[in-house]
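Protein sequence lines, in the order shown, are assigned to chains U and B.
When you read off a place in the first sequence, starting at 1, and then add 60, the result is the number in the working numbering.
When you read off a place in the second sequence, starting at 1, and then add 8, the result is the number in the working numbering.
In short, the hints are calculated from the structure, not lab data.
Since we're looking at a predicted model, the values are computed, not measured.
Pairs of lysine to aspartate or glutamate residues, derived as EDC-like cross-links and limited to a Cα-Cα distance of at most 16 Å, are as follows:
#, chain 1, residue 1, chain 2, residue 2
1, B, Lys17, U, Glu469
2, U, Lys470, B, Asp15
3, B, Lys338, B, Asp510
4, B, Lys145, B, Glu92
5, B, Lys439, B, Glu397
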Amino acid sequence: MMGIKYKKIDFVTLCCYLVLVIFGWMNIFSSSAGESGFVWSISSKYVMDLIWVASSLIIGAIIIFAIPPRAYSAVAWPLYILIVFLLVAVAFVGVEVNGSKSWFAIGPFRLQPAEFSKISTALAIAYLLDKREIKFSLSGRNNIRDLLSIAAVLVVPMFAILLEKETGSALVYLGFLLVFYREGMSGWVLILGLLAILFFILTLVMSPWATLLILIGLLGCLGSFGSRKLHIGGPITVITVLLLAFFPRLYNIEGFGLIHRFEPEVWVALLSLPPVIFFTLRSLIRRQTLLRNVLLGYLLGICLIFSVQFVFDNVLKDHQRARIEVLLGIREDPKGVGYNVNQSLIAIGSGGLAGKGFLQGTQTRFDFVPEQSTDFIFCTIGEEWGFFGSLLVLSLYLTMILRILNNSEKQKDKFNRIFGYCTASCLLMHVMINISMTIGLMPVIGIPLPLLSYGGSSLWAFTIMIFIYLRLDLERWK
Amino acid sequence: MGVYQQDRKTVLTIAIIIAFLVMGIRLFNVQIINKEYSLSSDNNALKYETRYPARGRILDRNGETIVDNKITYDIMVTPHDVKEFDTLAFCRIFDLDTGFVHEKFREYRMYRSRIGYQTLTFKKQVSNEQYNKFIEKSFLFEGFSGVLRTSRTYPKNAGGNILGYISEVDPAYLEKHPEYRSGDYVGKTGIEESYEEILRGEKGYNIYLRDAHNRIQERYKDGEFDKEAIPGKDVMTTLDADLQAYGEKLMKNKVGSLVAIEPSTGEILTMVSSPGIDVSQLSDISTHYKDLVRDPYKPMFNRAVMSPQPPGSVFKLVNGLIGLQEGVLKPSTTYPCHRGYVIGNLRVGCHGHPSPLDLYHSIMMSCNAYYCYVFRSIIDNPHYGSVREGFEAWKEYTESFGFGRKLGTDIPGELGGTMPTAERYDKIHGKNRWKSLSIISLSIGQGEIGCTPLHLANLAATIANRGYYYIPHLQKDTPELPIDARFKERQYTKVDTTHFTDVVKGMYMAVNGGPGGTARVAQIPGVEVCGKTGTAQNPHGDDHSVFICFAPKDDPKIAVVAYVENGGFGATWACPVASLLVEKYLCGEISPQRKYLEDRVVSTSLLWKVRVRKK
Numbered sequence: 061m062m063g064i065k066y067k068k069i070d071f072v073t074l075c076c077y078l079v080l081v082i083f084g085w086m087n088i089f090s091s092s093a094g095e096s097g098f099v100w101s102i103s104s105k106y107v108m109d110l111i112w113v114a115s116s117l118i119i120g121a122i123i124i125f126a127i128p129p130r131a132y133s134a135v136a137w138p139l140y141i142l143i144v145f146l147l148v149a150v151a152f153v154g155v156e157v158n159g160s161k162s163w164f165a166i167g168p169f170r171l172q173p174a175e176f177s178k179i180s181t182a183l184a185i186a187y188l189l190d191k192r193e194i195k196f197s198l199s200g201r202n203n204i205r206d207l208l209s210i211a212a213v214l215v216v217p218m219f220a221i222l223l224e225k226e227t228g229s230a231l232v233y234l235g236f237l238l239v240f241y242r243e244g245m246s247g248w249v250l251i252l253g254l255l256a257i258l259f260f261i262l263t264l265v266m267s268p269w270a271t272l273l274i275l276i277g278l279l280g281c282l283g284s285f286g287s288r289k290l291h292i293g294g295p296i297t298v299i300t301v302l303l304l305a306f307f308p309r310l311y312n313i314e315g316f317g318l319i320h321r322f323e324p325e326v327w328v329a330l331l332s333l334p335p336v337i338f339f340t341l342r343s344l345i346r347r348q349t350l351l352r353n354v355l356l357g358y359l360l361g362i363c364l365i366f367s368v369q370f371v372f373d374n375v376l377k378d379h380q381r382a383r384i385e386v387l388l389g390i391r392e393d394p395k396g397v398g399y400n401v402n403q404s405l406i407a408i409g410s411g412g413l414a415g416k417g418f419l420q421g422t423q424t425r426f427d428f429v430p431e432q433s434t435d436f437i438f439c440t441i442g443e444e445w446g447f448f449g450s451l452l453v454l455s456l457y458l459t460m461i462l463r464i465l466n467n468s469e470k471q472k473d474k475f476n477r478i479f480g481y482c483t484a485s486c487l488l489m490h491v492m493i494n495i496s497m498t499i500g501l502m503p504v505i506g507i508p509l510p511l512l513s514y515g516g517s518s519l520w521a522f523t524i525m526i527f528i529y530l531r532l533d534l535e536r537w538k
Numbered sequence: 009m010g011v012y013q014q015d016r017k018t019v020l021t022i023a024i025i026i027a028f029l030v031m032g033i034r035l036f037n038v039q040i041i042n043k044e045y046s047l048s049s050d051n052n053a054l055k056y057e058t059r060y061p062a063r064g065r066i067l068d069r070n071g072e073t074i075v076d077n078k079i080t081y082d083i084m085v086t087p088h089d090v091k092e093f094d095t096l097a098f099c100r101i102f103d104l105d106t107g108f109v110h111e112k113f114r115e116y117r118m119y120r121s122r123i124g125y126q127t128l129t130f131k132k133q134v135s136n137e138q139y140n141k142f143i144e145k146s147f148l149f150e151g152f153s154g155v156l157r158t159s160r161t162y163p164k165n166a167g168g169n170i171l172g173y174i175s176e177v178d179p180a181y182l183e184k185h186p187e188y189r190s191g192d193y194v195g196k197t198g199i200e201e202s203y204e205e206i207l208r209g210e211k212g213y214n215i216y217l218r219d220a221h222n223r224i225q226e227r228y229k230d231g232e233f234d235k236e237a238i239p240g241k242d243v244m245t246t247l248d249a250d251l252q253a254y255g256e257k258l259m260k261n262k263v264g265s266l267v268a269i270e271p272s273t274g275e276i277l278t279m280v281s282s283p284g285i286d287v288s289q290l291s292d293i294s295t296h297y298k299d300l301v302r303d304p305y306k307p308m309f310n311r312a313v314m315s316p317q318p319p320g321s322v323f324k325l326v327n328g329l330i331g332l333q334e335g336v337l338k339p340s341t342t343y344p345c346h347r348g349y350v351i352g353n354l355r356v357g358c359h360g361h362p363s364p365l366d367l368y369h370s371i372m373m374s375c376n377a378y379y380c381y382v383f384r385s386i387i388d389n390p391h392y393g394s395v396r397e398g399f400e401a402w403k404e405y406t407e408s409f410g411f412g413r414k415l416g417t418d419i420p421g422e423l424g425g426t427m428p429t430a431e432r433y434d435k436i437h438g439k440n441r442w443k444s445l446s447i448i449s450l451s452i453g454q455g456e457i458g459c460t461p462l463h464l465a466n467l468a469a470t471i472a473n474r475g476y477y478y479i480p481h482l483q484k485d486t487p488e489l490p491i492d493a494r495f496k497e498r499q500y501t502k503v504d505t506t507h508f509t510d511v512v513k514g515m516y517m518a519v520n521g522g523p524g525g526t527a528r529v530a531q532i533p534g535v536e537v538c539g540k541t542g543t544a545q546n547p548h549g550d551d552h553s554v555f556i557c558f559a560p561k562d563d564p565k566i567a568v569v570a571y572v573e574n575g576g577f578g579a580t581w582a583c584p585v586a587s588l589l590v591e592k593y594l595c596g597e598i599s600p601q602r603k604y605l606e607d608r609v610v611s612t613s614l615l616w617k618v619r620v621r622k623k
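Next comes chain B alone, as it looks inside the complex (with noise of 0.2 Å):
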């Protein structure tokens, strides 16, 4: 029994050494081994005050400023050092409600372990006048400091959609961002967003030591480690102001895009989402925020890069290419049409014109059966021997175009649009089961096809530039700030630049071919307007409006495409729009003669017509 129990008297004895080994273990580790614990310690007694950067300014393309800055303040409180203080008076200087700073003050009570002595945002963005008065009296506000912040002031009315806005950070944006600090401001969509690096500048800070009572004693070491907070740098872009306002004005109270190009470089001159963003709720974000996502119309949604929509008759100006690309279709090639193209059951309607037309006709008339003959013989080129194949080839040149994929802007949130696949039509028919027949509505730029108004724009630019565009883009190239070398290529499709001249031809006669041109709207006294009209059928409501062009003729200056969403035929609404918006950039002004159409344009509201769900 004796020896029994001195070998538990042993045992307990080993087991309470191993225990305090691995306390003693777990210290030399701690207290030796690891340094993050030391250094941590410096962070504790010393205090960084961070010192803000100016944000970069956006200029628009004639060095125009678009987005500027305004200097406010934001009034920081150190919960621990506040003594008591006179409300009133407090509340007096900053216009705010008693009850506010007792809601805070009880939220600081509530969380004071978890704050300790942590300086937190009492009130943002306080303006240049309150914050003097504060500082005269701030001796009666311990603990109550103010930190110079910048905020965003828009002297144009222009972008709302593209500008973006900034917002401070929140804790899901800092999880995955830890370069930022809680209450840094960082853009949240549109060239603030995509230029954030560039526009945010570099944070610096001054160091003070904390003394006994964690009160700010000194700078430390004189301020020889602190650091200059070095400003953003401006950002140039594309956009010309005035004439993204006056697309906006022309855009008001209808739903679409206006996106316009310059060709020989791939700059977005303009792009207009409408309904948008009013530049004087992006300066104020979050009071506008819930309205704005709340709105039946979306205006933070652009339209421009995110809205794929069938592209209606435009798309025959692609499809009239690959023919004669393929060699299926000559200039001079004929089909006739009678109010259509009828094949047994089908039939797909066309309006009243004369017949047979060639390739320039139909497009200066905008005929329906004629591409579907063209659509027909590229899928049934014997060369390809199957359907699948033929339709395959088919498929590769509009991805020349762009179609079905994202162009690779610069501008956050562009979608790729959709172009219908092989298995796709499989699913739907069967495997091979299907024919050029059972697809013949993309002839004319309907069916299983989605582009985004950019896309449009895009190809406009192609047939301006007579076969390559430049990726369009919104940051302007400066020595500063060069653009991305992928801006700077020309992009070719596969078509052969010699077939886009009878293409053109065809665009010109569209506006300026006498009668039976679809877009005679378009004509501009002294300017050779080339354009093709579209009207795209959809399942929400009347049909959509759809114009691309571009101006002058030769050397072309500017590519447009207006999509205007029910707004009935190609020649209604997009028509003028567009035009419009090429001679206020071509001419500087409208001439007399037009201006009757701009009244009508800026006078109509077309929003009745959209349907929307009312939350």
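Isolated chain U, as found in the complex (with noise of 0.2 Å):
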């Protein structure tokens, strides 16, 4: 244990921890507290969070003190089966609390396994990239067996906790893709996947057909702008685009009956389909990977566009559709599934520009806005702090997730590296889906804010998560 550094600890995380933890338990006193003041009392919440915000301190006290750093890479392993086990197990017999079963009960004490997973999985992650070497290619048996196994370990808990109803932390783990982006992965998965995100968006507000018609514009100055011929392939691409367009006029035509059979993207999609099949699979023998790409980029597309309404006609379950569709401006309920984005903006809104005041809050405080104190402690923050307090809270995290970025990037030692990134990954999902949530930006998906929101499993899971990232950081002084 001798020869650790601990003056070099990167003190602008642990200072932005501890200012979140401070001010998240202020917010929650502001939230929950009445007008009876200070109760000393463990049924209310802010005593119960002080004693989980002293706990965290121990724990981290502990990690950082007592645990050497190449503990994790062994345990990394027993700890990831061991939670997902406890993932499953929770499913059949937990306590069901909001309509999802994640909860164990000991005592007077809930934890929630599914908090937890997010460290196995990023210790078991950060141990498997690092003993395999993994290279994100599709060639050689030998690596498509790695991608396969990575891919388990990411989508094992995601499934598991799927399984508990829990939506919103299975979203989490797609921030995992961020680091395999880091460690070679291909931008076009994240890029393919933000554009299927923006098609599905398209295809519900405006309609399958316009949703169509920039897929065949995109992949049409993609195709020329690739083989170096915009002068020709841009000005085709438009005028073809444009031809299309005037397409559905054709329906009001008398005397073509038969065009009414379909719609008309589902003519253009059939019409296109065999010359298009054709041409990739030459393309694909020829090993013309340009138009290879665009052709498969159209047909994955004309995919997703036909399989959007069935998603979200038949996956979807009831109240995921109204919450995107309230999203989108597709539906107006400002008294139903709104009520929560509604309120929340209410809140936060009429907080302005410096804030009504700590304690002072009207909305947040007579329980206008529900789950004020979890997932939607954000609200209390910007009515009471204003926009200089919302501000504050989110460059407090962008200083966090940048910091650890950095000195994860200047870490010699890959395991700690991608330790650090799985860290600030998970920190990004949480605190963008959140907040985006109760701004507006985004469906409501029940998440907690991190070190913010109350709640004892994810307080402690992130705190493991940040100290051990701060112990593994001590190791490059070393």
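Each chain sits in its own coordinate frame; assemble them with the hints.
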């Protein structure tokens, strides 16, 4: 244990951590303490939270001072397997809270294994990427096997969590794709993912037909740009799209009986499929990479467009569909599904520039916002501390995340670096999903705001993760 | 490799910064630029308690109240504030079933997140006594409160169909009329609907502050910003309540309409649609609504303005007037009739009467053949060159009487009826392949022609005025609430006023002209009644009995139409009904020698003759 330069600890991250935790406690106090003021009782949330904060600091100290960093790679696998086991077990023997069965009850305390599985998954990923030298490539049998194993490590806990109906926590795991990207995965995976989300929204908000036109235009430009023939391909694409845009007009003209059998997008898809498939196959054989990518993009896009409505109607659950519709403005429902978001926006918006002051918020304190000490804690901040307070919280998170990324990049040890990246990704996903939800940028997805939300499991889990990072970061100065 | 990965870190860093920027910008927008949200927060902390205005009364033309208010209370509940309470005592006060209370609270629990701190209506229209009992013990029932509401009462049993009812707004209505709030009452039909804006008044409010526990704490700024409710204004109608009640009595157990208009103003004195809605059902419409809708005789349907039917012989008057104006007919013109108008295979039957007849006697005896000649001479008038042109000219005349279009009254649901078009005949017979003979039914008011009873009442008023009418209306012109200018304009027909005296003479003879007159039963001692019967053939069963009249002959005070569905000859039912109404209005009571007629009308039910679809 000798030789550890504790002075070199990442003070920036540590300070951000402490400020957020203290600030979080203040806001939980504000949102759950009534006029009655401070009552020292274990039944009040703010006392309970104080216990969680104190215990977190003890855990943090233990991690820094008592646990050797080498232990982490050693326990990565056993821990991972144990937590996956707990995740599955909780779906059967857990306590049900708000419709999801994801809690173990131990006396007055409740623990949520999903929160801790982020740590074990991060450790397992770091271990695997470190030991196997995984190349994110589709060629070679070993590479494919490695790819499958790393995917399994990610997907197994995700599915177990979906089984508990904790959609939000499962989404967080997509953040690990950022780590894979850093470790060599093609950026196209991320871009295609974003494009898929974009097209999903476009199809719902505009129409499948409009989305198809955008797809054709996009691919046309991409293809002609890639082949350095933008001056020819560009105009052709534009003209094609414009001509196609007039296609639905034909439906108004009498004498085109046959045309009414299908929607315009179905016609275009049906008519274009045979030649596109032919040229795709030919480009595969002749190894024309650009043409192949463009045509595959077209096929994938068509599949996506036609599956959106199906997924939306059949795969998503009613409340999820409603939340998405409210977010996209397809449906207005300020008293029903939109209630939370609407009240949350009212609370945040009423804060103004400087806020109403500590303990002065009317919206959050009078229970207008539901779940305000857990998932909607950001409302209390927005209302009582105003734009300055919100900005402070945002910048604390941003500083912490970028600091962790930066320091991890400097790590010589690959395991340490990857774990640092995982920590930053988890923080990023939580902060982004939670705050975007409270300010109406994303559909309502129940997920805590790291270090601020009330809840022991979440606070413990992020404490453990951040302190492991802090401890591993010290290894740089050995 | 190193440089490459360094790039990736930069890409990630930039992406993360962009994500945070988006959130920051959104926050800037929500917290600083957009004021809508901070305003909404006031709405959350201030509680507005509505003060409901008294709804305006509805009066008849003599100032008698026909629709009044009575005070009732709605019991409101704020589920969030309700503590445990003695359900049994509560139910005893309001005469409720405990199951009802449990069911309500089960609902509130189910939707508690949606309800939040809202106050909801628990029970509507609680009587004054019940409310007083509740107030004595209200400390036992936390979370419950009473709100003063007014509901309608009807001192006179008259006008159920015209008055309309009020009921609580439904979500569909709220969507179209955002100025209303859930729990408001709104006029749904009749006068209550058409004069909603005048009757409803303006809501006021008291503002209270909520405290941390969402209890009402104090008046906001000592009531400085509270607003008084402004009561609704009374609406005076042109109806004569007593006459309306009498008309409804006459039409009881018959299907049809009875409309009376004051010709000199266009004011509707009486408008009966039978079978109609009893006023006792109006005040509690929610309980009776289902029965009313299911009733095969459709009592909700205002036949007087919504039921276009063939006018029958009454329409001969219009054809006669057009003939006179076109110059193809003179009062002295005679035509023969031997039990009908026969040409080739076509035969329009007629009843037995002397022949030949002039115009006066053709009206008096209602000769069908006469009007076949008249109609043909109008349509085939060489002046127009073609049948089509002749028909169009004829149609223009009928339209000037208001037929085939809405008259533009203030009665909701008014329909325009139908008049045939040349295009329609083209479709039936082929383009321009129809002649005056093909459309000969129009001459006697049959065929492709549909007029509402109001159209016919308006025809009676037009003839009474000798050539013009005022658009019929239900609102009385008062200094406080003047009527629309359109109701004060004379509407002239395209027939010269001079020709009307001839028709009036015929109508006078129909009633008072001795043997052969079709409407002799309408004779009223001391009153010169002019009338015309009609017997409208229809595909639904027996002929409809129709009669229009006005009286007195000079300076007419009332013009009436009676339309009794499946009543047979015009003289059988419509004629007695209309003339009794005239007598009641002009003389105040029925003369002894006509009492038998009143008894016969009142005691007879013709409902069995009407074919209805039983549900």
